[in-house]
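Chemist: What follows is the residue order along each chain.
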Amino acid sequence: MLNFVVMNRNEHYFLRDKRILLVDDEQVVLDMLESLLKEEGFSSIFKCGTKKDALEQYALHQPEFTILDVMLPDGDGFSLLREIRKSEHIPVLFLTAKDQQEDLLEGLGLGADDYMVKPFSPRELILRIYAILRRCYKADDPLIILEGCIINISKAEVYREGEVFQLTAKEIGILDTLYKAANRIVTIDTLCNSVWGDNRYGYENSLMAHIRRIREKIEVNPSSPILLTTIKGLGYKLNVPL
Amino acid sequence: MNVFQSSIRQFVIRTVVAIFLIACFNILLVGVYIYRFQQSVSGETAILPLIKQISGNIRMVDNRYEIPDSMTNELEKQNIWAMLIDDHSGKLLWIHKLPQDIPTHYTLSDIASFSRYYLKDYPVVTWKHPKGLIVLGYPKNSLSKLNYIFPYGELQAMPFRILFLIVCDLFILFLLYFYIGRKSIKSVHNILTGVKSLASGDHIHLKEHGDFSEVANQLNRTSDLLKRRKTAQENWIAGISHDIRTPLTVILGYAESIETNSSLPKEVQNKASLIKYQSTRLRDLVNDLNLITRMGDDSQVLRLEVFYPSVFCRALIASFLNSGVPDIFSVELNIDQNSEPVCLIGDRRLLQRAIYNLIHNCIKHNPAGCNIYVRVEARKQDILFIVSDDGKGMTPEEIHFLKTRTQYLGSDNLFQFKQHGFGLYIVQQIVKMHSGSTGFQINMSGGLEVVISIPI
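As given, the protein sequences belong to chains W and V, one line each in that order. For the first sequence, my numbering assigns the number 1 to the initial residue and increments by one for each residue that follows. For the second sequence, my numbering assigns the number 1 to the initial residue and increments by one for each residue that follows.
A few of these clues could be false.
[Claimed, not checked] In silico SDA-like links for lysine to any residue, alpha-carbon gap of 25 Å or less:
{"no.": "1", "chain 1": "W", "residue 1": "K232", "chain 2": "V", "residue 2": "G369"}
{"no.": "2", "chain 1": "W", "residue 1": "K47", "chain 2": "V", "residue 2": "H242"}
{"no.": "3", "chain 1": "W", "residue 1": "K232", "chain 2": "V", "residue 2": "P326"}
{"no.": "4", "chain 1": "W", "residue 1": "K232", "chain 2": "V", "residue 2": "H242"}
{"no.": "5", "chain 1": "W", "residue 1": "K38", "chain 2": "V", "residue 2": "W127"}
{"no.": "6", "chain 1": "V", "residue 1": "K364", "chain 2": "W", "residue 2": "G41"}
{"no.": "7", "chain 1": "W", "residue 1": "K232", "chain 2": "V", "residue 2": "S445"}
{"no.": "8", "chain 1": "V", "residue 1": "K266", "chain 2": "W", "residue 2": "K232"}
{"no.": "9", "chain 1": "V", "residue 1": "K266", "chain 2": "W", "residue 2": "K51"}
{"no.": "10", "chain 1": "W", "residue 1": "K38", "chain 2": "V", "residue 2": "H400"}
{"no.": "11", "chain 1": "W", "residue 1": "K180", "chain 2": "V", "residue 2": "G56"}
{"no.": "12", "chain 1": "W", "residue 1": "K51", "chain 2": "V", "residue 2": "K364"}
{"no.": "13", "chain 1": "W", "residue 1": "K232", "chain 2": "V", "residue 2": "A238"}
{"no.": "14", "chain 1": "W", "residue 1": "K232", "chain 2": "V", "residue 2": "Q352"}
{"no.": "15", "chain 1": "W", "residue 1": "K38", "chain 2": "V", "residue 2": "K145"}
{"no.": "16", "chain 1": "V", "residue 1": "K145", "chain 2": "V", "residue 2": "W127"}
Bear in mind the hints are in silico, worked out from the structure with no lab data behind them.
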């Protein structure tokens, strides 16, 4: 199994249970994607090569996440997305073979959750799929299990060494953003933006103070952090162990 | 001097030379005419010498006036009649072949009248004689007699007047030339501008009217043809790159899957890693080829945005690291405090590509690993993106080549690009599109340092 992304067991099963529809006109790409997803632990995967088939599969299986190719033999992914979105809002990741379509995807504002240009790194694809699924589907009682501590986001509590530490709203916001991009670097700009809004400039010191306080709650040794690490000059990374 | 000015200058010179040649030809003709006129007036058989000879040679023989036979023959030959009018009586003292309609008696007013003009439509010339007046009558319509009276002052001013007239003529000629030629010049200008645009690879559509409509039509057709060929070339490259992407996706997908599958032997994983690395190179090549084709004809229009270079670089490096960088490489970002609040107007996506290419080059050219340093610095008018490494660097010759190489699509030396690829060329082009500059140098640790300077 690839296990590109490591998660706690709760979320592990919760997200990997989602029904995924793959739409691509190339059978080899469909097979490869299916193989990747199965290796990652996803079990409900449906494949189709045309827009018509996709609509039928959609009606039949009610997928919870879709990976769409832009170019299809009987239409395009954009019109398919519009038709799907008429009835329900399900998360969509576009795959495109033309880099000019990046512009189109950005400009169209169709509400696609993400897009990737072929050929893509499978590791990155899986990371993005998880990021989208985490954003769109939340477990009833999401627990972040880190090495030596557990974080309950909904209760804003950290359990470590038999103690319970309360998290502030800002700390929850920061942890939530870091967790959604688990094991990936999140820039200080993204963190400031997610917690304070657009006005990024001038919040770096406040962010550092919040990070320090989070470390005091989750790390065994806050001065030598191993769970919430600083990436010099860039931002922070939440290391989620197996 | 541009092509237009040069061609106009040549046109004017040719016109002046043509006018000069025509003037010379006219002067030559007038000269010949004057010479021939002089000959007719002053030659032996001319009018004045003949009448002077008759006047000098007419003699009284047996109470009759006579002229020598040679003169009689000359008069006969030219069909001239003649008479001698007595000074006192006005009667005729001598005649020769006098036509019947010519009177035989003349008053002073008759003489004054015909001496200036004609006698019964015969052009006549007169000459004095001790006894009276010799008159030679030429056949009708053989000579024209013109009498002009000019004030003396006017005659003196005549050369200046003629000069003035010539100057006026020249002035009018040039006015007419500019008036008539203006439209043609305009058409020529349009044509020349079109040709220049065509030569620099732009698509043109000239208005097809006026003197050069046919030329404009041909140029438009040529431009359309070139555009079609260029589009076909772009479509071909886009099509090829599109078709390559699908198999690459599959290769890359499975290669990475095998590479990370810990249940497989290490040797197989390493081979998969190699396949993945080479596929990534192919992917980058396809991306570069696409971009370079679009930049080649300037159709890649900048999509300008306002953004913070510091935020931009942090996101870029984070994304680069998140996509997975081998452990033998490290990427360190250093942002100068002064550059934090600086905003830049530019094409974020293209600049991202430029910096990505630079970082990727560090990895590509240092397979044994290296430390990569990215710095952002603010200068008075510029923002600098500096990418350097502590790898093997470049030779001064290679740096010289990078600084001086020609455009890829315009170069016929493909060997150069086989050696150095498209990566840095794309960086140079993107920076150029942002009116910036790219510098290459060897840093303190012997690695290559590339400095991108973009005006704020």
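Chemist: What are the numbers of the hints the structure violates, in ascending order?
Modeler: Numbers 4, 5, 6, 8, 9, 10, 11, 12, 13, 15 - these are the hints that the structure violates, sorted from lowest upward.
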